[in-house]
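Asker: Residue numbers (our numbering): 35 to 194.
The set of hints was computed from the structure by calculation and includes no laboratory data.
Incorrect hints may appear among the rest.
Pair by pair, the computed Cβ-Cβ distance ranges are [what the hints assert, rightly or not]:
| # | residue 1 | residue 2 | range |
| --- | --- | --- | --- |
| 1 | G104 | E164 | 30 to 36 angstroms |
| 2 | R140 | Q47 | 28 to 34 angstroms |
| 3 | Q47 | E122 | 21 to 27 angstroms |
| 4 | R91 | D157 | 15 to 21 angstroms |
| 5 | R116 | T169 | 33 to 39 angstroms |
| 6 | R156 | L194 | 36 to 42 angstroms |
| 7 | N65 | R91 | 28 to 34 angstroms |
| 8 | D94 | A184 | 20 to 26 angstroms |
| 9 | E149 | R73 | 28 to 34 angstroms |
| 10 | T130 | R42 | 16 to 22 angstroms |
| 11 | R45 | A168 | 26 to 32 angstroms |
| 12 | M72 | E122 | 35 to 41 angstroms |
Being a predicted model, the structure only gives us computed values, none of them experimental.
Just so it is clear, CB atoms sit at the ideal spot from N, CA and C, and this is done for glycine as well.
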Amino acid sequence: MSETGRVRPARMQEIDRIAALWTLITEHHANLDPLFRMRRGTVAEGELRELLRALYRDPDVEILVFDEAGTPEGLCIVRIDRAPPILEETERAEITDLGVRPERRRQGIARRLVEEAQDWVRDRGVARIEIQVATGNREGQAFWRAIGYADLMDVLHKRL
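Starting from the given sequences, assemble the full structure and let the hints guide the process.
Answerer: Encoded structure:
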């Protein structure tokens, strides 16, 4: 368990470092399934930074980082979604992204990020969080199940 760092909201001035960390996390997922491969080049990098800026400004999104000595070692993005008006549940949250630098994994950082995300969601009066984890991501599957997340539905896809 990493005791020296802390989970905190991301800051706009560190968007470049967060983009680099998000890229590293996405590359990890691309190794599990080519569906997650990223486009390369300055246009894609610029679009990623713009996406992060938009998420940062969205009041229904929280970007959390695990910070140790000023360096983001882990990242969690959580958002609130509104349900269709025909459902009793009017809102739900989704953790859209979670990852930790490879050399820092298995030190409790992801768990701390998720706990902080759950607190952020609870503080907004939302009672449920969803996540999506690739079926080929055995480490991710085990992590989410170990902290109490369970199957809800299968996401099916077909390449055309």
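Asker: Looking only at beta-carbon atoms, does the pair R140, Q47 fall within the given range of 28 to 34 angstroms?
Answerer: Once the Cβ atoms are compared, 30 angstroms apart, the range 28 to 34 angstroms for Q47 and R140 holds.
Asker: When you take the CB atoms of Q47 and E122, is the distance between them in 21 to 27 angstroms?
Answerer: Between Q47 and E122, where Cβ atoms are some 41 angstroms apart, the hint is violated.
Asker: Within 16 to 22 angstroms: is that where the Cβ-Cβ distance between T130 and R42 falls?
Answerer: Holds: the Cβ-Cβ distance is about 19 angstroms, inside 16 to 22 angstroms.
Asker: Is the gap between the beta carbons of E149 and R73 within 28 to 34 angstroms?
Answerer: holds, 33 angstroms
Asker: Could you say whether the range 15 to 21 angstroms given as a hint is met by the Cβ separation of R91 and D157?
Answerer: holds, 19 angstroms
Asker: Between N65 and R91, is the Cβ distance one that fits in 28 to 34 angstroms?
Answerer: Distance hint for N65, R91 holds at roughly 31 angstroms.
Asker: CB of G104 to CB of E164, is that within 30 to 36 angstroms?
Answerer: holds, 32 angstroms
Asker: Can you tell me whether the CB distance of D94 to A184 sits inside 20 to 26 angstroms?
Answerer: holds, 24 angstroms
Asker: Quick one: are R156 and L194 within 36 to 42 angstroms, going by C-beta?
Answerer: Given range 36 to 42 angstroms: holds, Cβ gap about 40 angstroms.
Asker: Would you say the C-beta atoms of M72 and E122 sit inside 35 to 41 angstroms of each other?
Answerer: holds, 38 angstroms
Asker: For the pair R45 and A168, does the Cβ-Cβ distance stay inside 26 to 32 angstroms?
Answerer: holds, 30 angstroms
Asker: Do the beta carbons of R116 and T169 sit within 33 to 39 angstroms of each other?
Answerer: violated, 28 angstroms
Violated hints for the displayed structure, listed by number in ascending order: 3, 5.
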